[in-house]
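*Asks:* All chains should be modelled from the sequences, with the hints used to inform the complete structure.
Protein chains: 4
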Amino acid sequence: MVREDINREMEETQCPCHKTRERSAEEYTRLIHRLNRIEGQVRGIRGMVEKNAYCTDILVQVAAVNAALKAFNRELLEQHIKICVKRDMLAGKDEAIDELLSALQKLMK
Amino acid sequence: MVREDINREMEETQCPCHKTRERSAEEYTRLIHRLNRIEGQVRGIRGMVEKNAYCTDILVQVAAVNAALKAFNRELLEQHIKICVKRDMLAGKDEAIDELLSALQKLMK
Amino acid sequence: MVREDINREMEETQCPCHKTRERSAEEYTRLIHRLNRIEGQVRGIRGMVEKNAYCTDILVQVAAVNAALKAFNRELLEQHIKICVKRDMLAGKDEAIDELLSALQKLMK
Amino acid sequence: MVREDINREMEETQCPCHKTRERSAEEYTRLIHRLNRIEGQVRGIRGMVEKNAYCTDILVQVAAVNAALKAFNRELLEQHIKICVKRDMLAGKDEAIDELLSALQKLMK
Chain A
1 MVREDINREM
11 EETQCPCHKT
21 RERSAEEYTR
31 LIHRLNRIEG
41 QVRGIRGMVE
51 KNAYCTDILV
61 QVAAVNAALK
71 AFNRELLEQH
81 IKICVKRDML
91 AGKDEAIDEL
101 LSALQKLMK
Chain B
1001 MVREDINREM
1011 EETQCPCHKT
1021 RERSAEEYTR
1031 LIHRLNRIEG
1041 QVRGIRGMVE
1051 KNAYCTDILV
1061 QVAAVNAALK
1071 AFNRELLEQH
1081 IKICVKRDML
1091 AGKDEAIDEL
1101 LSALQKLMK
Chain C
2001 MVREDINREM
2011 EETQCPCHKT
2021 RERSAEEYTR
2031 LIHRLNRIEG
2041 QVRGIRGMVE
2051 KNAYCTDILV
2061 QVAAVNAALK
2071 AFNRELLEQH
2081 IKICVKRDML
2091 AGKDEAIDEL
2101 LSALQKLMK
Chain D
3001 MVREDINREM
3011 EETQCPCHKT
3021 RERSAEEYTR
3031 LIHRLNRIEG
3041 QVRGIRGMVE
3051 KNAYCTDILV
3061 QVAAVNAALK
3071 AFNRELLEQH
3081 IKICVKRDML
3091 AGKDEAIDEL
3101 LSALQKLMK
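Chains as they are written, first to last, in the working numbering: chain A, 1 to 109; chain B, 1001 to 1109; chain C, 2001 to 2109; chain D, 3001 to 3109.
Derived by calculation from the structure, the hints in this document are not laboratory data. Bear in mind the structure is a predicted one, so any value in this text is a computation, not a measurement. One thing to keep in mind: the hints can contain errors.
Covered stretches of chain A (chain B as the covering partner; in silico rule of three or more C-beta atoms under 8 Å from a C-beta of chain B) [as the list claims (entries may be wrong)]:
# : region
1 : 19-29
2 : 32-39
3 : 89-102
Capping the alpha-carbon separation at 30 Å, the derived lysine-lysine pairs in DSBU-like fashion look like this [what the hints assert, rightly or not]:
#  : chain 1 : residue 1 : chain 2 : residue 2
4  : B       : K1019     : B       : K1086
5  : D       : K3070     : D       : K3086
6  : D       : K3082     : D       : K3019
7  : A       : K109      : D       : K3106
8  : B       : K1051     : A       : K19
9  : A       : K70       : C       : K2051
10 : B       : K1019     : A       : K109
11 : B       : K1106     : B       : K1093
12 : D       : K3086     : B       : K1093
13 : A       : K109      : A       : K86
14 : C       : K2093     : C       : K2109
15 : B       : K1082     : D       : K3106
16 : A       : K82       : A       : K19
17 : A       : K70       : A       : K86
18 : D       : K3086     : C       : K2070
19 : B       : K1070     : A       : K51
20 : A       : K109      : B       : K1070
21 : A       : K70       : A       : K19
22 : C       : K2051     : A       : K82
23 : A       : K109      : C       : K2109
24 : B       : K1070     : B       : K1019
For each label pair, taking beta carbons as the anchor points, the in silico distance ranges come out as [as the list claims (entries may be wrong)]:
#  : chain 1 : residue 1 : chain 2 : residue 2 : range
25 : C       : R2037     : B       : K1019     : 16 to 26 Å
26 : B       : T1029     : D       : K3082     : 42 to 52 Å
27 : C       : R2043     : B       : K1109     : 25 to 35 Å
28 : D       : A3025     : A       : D98       : 49 to 59 Å
29 : B       : D1098     : C       : T2020     : 38 to 48 Å
30 : B       : H1018     : D       : L3090     : 20 to 30 Å
31 : A       : G47       : C       : L2090     : 19 to 29 Å
32 : B       : V1060     : C       : D2057     : 31 to 41 Å
33 : B       : T1029     : C       : R2087     : 47 to 57 Å
34 : C       : T2029     : D       : V3060     : 43 to 53 Å
35 : C       : D2098     : B       : A1064     : 42 to 52 Å
For glycine and all other residues, C-beta sits at the position ideal for the given N, C-alpha and C.
*Replies:* The structure is reproduced here in structure tokens:
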């Protein structure tokens, strides 16, 4: 399914109050690329378990996935603050701050 | 490819010094099940990016993947200490401790 | 030394370009109260080491200090975003965003 | 109060079932030294708040305390596994493993 189809489908099925954000082609590509790599890493760990890999070798790979997820977060967070939070603050919508703080709290647990 | 084939292939291609660990059917199933779910969660996050989901909604899902990886770690670590570290210590192989500490250090970063 | 003296001393010794932030009496009191408790917890851990406390009992107390530091961070971060980042964004000073992202990156390591 | 007095007091006031661990002079000194530095760092953060330091400058110092606590944990954990867990495993006391796992779980939250 191409991206346009997915977007059209979303518009049809999603409730109108649901928040979305259009991303630049560059940001979109970087995020998708990171997620593809993370998915590949998780599949690699499953392959290790299937081949009876040694426990600490697996744990080291899990630590690598943690690091990759943090890099994805940083990327998303940076654009979110630079674009969404800024736009909402300039428009006087301070609920963007509470949303951000609530997401940060979950990430810093 | 069934599990036996994968194991046979591993025996053929892996260097003989490489450490492995046979896991009980129960442990194996639980670990694979957790990894399948984590892979599904990562694919779900990619779907959210493809549908222009809002940043903080995505960040909350990343926090859920973090939690699922921690649960996988705990499961693997528990069996590793109860089985591998214990067996090595009883056999006087203290290098198991350094291996464990090095893995823990990477996980606690 | 009372707070006024400390502030005066700071004005004298600090370079004029150094950034500061006046906090409300309520925020100031809450932050100082949290730090006093954390200092007491660290002293308590030293007391445990001095009394030969068992390792895992000490580790559990360290986890409690981690949690207390996270709560302090959250409090500081919330006011920082609500007051400083907002004010700077409204004034068009976007460097506040990079400063925030750089601090978050250090905290989420 | 010197260390001997503290130990004597502990023997008198603690219930006899309470677990303790004698540490080598080197380990003891290293742990106490780390805790003194951490206490000093926390006091330094309080000093920053008292002098109206800027939020992100404070957050960076909190990240430094996090790192120092992790180094303390690593040191304690290493000796705990090398000495206590090993001794208990060789003596057939497997409850040491559950104790360790429970402490690790709190630290990896």
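*Asks:* For every hint, state whether the structure bears it out.
*Replies:* Cross-check of the supplied hints:
1. Note: the region 19-29 of chain A has 6 residues with beta-carbon separation from chain B under 8 Å; the three-residue rule is met and the coverage holds.
2. Judged by the Cβ-Cβ criterion of 8 Å, the region 32-39 of chain A is covered by chain B as claimed, because 5 of its residues qualify and three suffice.
3. Closer than 8 Å: that is the beta-carbon criterion, and the region 89-102 of chain A has 3 residues meeting it against chain B, so the requirement of 3 holds.
4. The straight-line distance between the Cα atoms of K1019 of chain B and K1086 of chain B is roughly 16 Å, inside the 30 Å bound, and the hint therefore holds.
5. The suggested pairing of K3070 of chain D with K3086 of chain D holds, with an alpha-carbon distance near 22 Å, which does not exceed 30 Å.
6. As the CA atoms of K3082 of chain D and K3019 of chain D are separated by approximately 17 Å, the hinted pair is consistent with the 30 Å bound.
7. Pair hint K109 of chain A plus K3106 of chain D holds up; C-alpha atoms about 11 Å apart against a cutoff of 30 Å.
8. Under the criterion of a C-alpha separation no larger than 30 Å, the hint pairing K1051 of chain B with K19 of chain A is consistent with the structure, at around 11 Å.
9. Distance hint between K70 of chain A and K2051 of chain C is unfulfilled; the C-alpha atoms sit about 39 Å from each other, more than 30 Å.
10. For the hint pairing K1019 of chain B with K109 of chain A, the CA-to-CA distance comes to about 34 Å; that exceeds 30 Å, so the pair is violated.
11. For the given pair, K1106 of chain B sits about 22 Å from K1093 of chain B by alpha-carbon distance, which is consistent with the 30 Å threshold.
12. Annotation: proposed proximity of K3086 of chain D to K1093 of chain B holds, straight-line Cα distance about 11 Å (limit 30 Å).
13. The hinted pair formed by K109 of chain A and K86 of chain A meets the criterion: a straight-line CA distance of about 25 Å does not exceed 30 Å.
14. At roughly 26 Å between alpha-carbon atoms, K2093 of chain C and K2109 of chain C fall within 30 Å of each other, so this suggested pair holds.
15. Proximity of K1082 of chain B to K3106 of chain D is assessed by CA-CA distance (about 18 Å); at most 30 Å being required, the pair is judged to hold.
16. For the hint pairing K82 of chain A with K19 of chain A, the CA-to-CA distance comes to about 17 Å; that is within 30 Å, so the pair holds.
17. Taken as a hint, the K70 of chain A and K86 of chain A pair is honoured in the structure, with Cα atoms around 22 Å apart against an allowance of 30 Å.
18. Note on K3086 of chain D and K2070 of chain C: the hinted pairing is violated, with a Cα-Cα distance of about 33 Å set against a maximum of 30 Å.
19. A threshold of 30 Å between alpha carbons decides the hint, and for K1070 of chain B with K51 of chain A the separation of about 22 Å falls inside it, so the pair holds.
20. A C-alpha spacing of about 12 Å is found between K109 of chain A and K1070 of chain B, which places the hinted pair at or below 30 Å, so the restraint holds.
21. With a CA separation close to 24 Å, the supplied pair K70 of chain A and K19 of chain A stays within the 30 Å bound.
22. A C-alpha spacing of about 51 Å is found between K2051 of chain C and K82 of chain A, which places the hinted pair above 30 Å, so the restraint is violated.
23. Under the criterion of a C-alpha separation no larger than 30 Å, the hint pairing K109 of chain A with K2109 of chain C is consistent with the structure, at around 12 Å.
24. Pair hint K1070 of chain B plus K1019 of chain B holds up; C-alpha atoms about 24 Å apart against a cutoff of 30 Å.
25. Between R2037 of chain C and K1019 of chain B the beta carbons are some 46 Å apart, a value that contradicts the proposed interval 16 to 26 Å.
26. Between T1029 of chain B and K3082 of chain D the CB atoms are about 33 Å apart, so this pair departs from the stated range of 42 to 52 Å.
27. Checked against the hint of 25 to 35 Å, the pair R2043 of chain C and K1109 of chain B passes, with Cβ atoms roughly 27 Å apart.
28. Remark: the range hint 49 to 59 Å for A3025 of chain D to D98 of chain A is upheld by a beta-carbon distance near 52 Å.
29. For the pair D1098 of chain B and T2020 of chain C, the supplied restraint of 38 to 48 Å holds, since their beta-carbon distance comes to about 47 Å.
30. Between H1018 of chain B and L3090 of chain D the beta carbon distance is about 28 Å. The supplied range of 20 to 30 Å therefore holds.
31. For G47 of chain A and L2090 of chain C, the hinted distance range of 19 to 29 Å is not satisfied, since their beta carbons lie about 51 Å from each other.
32. Taking the beta carbon of each, V1060 of chain B and D2057 of chain C are about 35 Å apart, inside 31 to 41 Å as hinted.
33. For the hinted restraint 47 to 57 Å between T1029 of chain B and R2087 of chain C, the CB-CB distance of approximately 55 Å keeps it satisfied.
34. The supplied range of 43 to 53 Å is broken by T2029 of chain C and V3060 of chain D, whose beta-carbon atoms lie about 23 Å from each other.
35. In this structure the supplied range 42 to 52 Å is violated for D2098 of chain C paired with A1064 of chain B, their Cβ-Cβ distance being about 28 Å.
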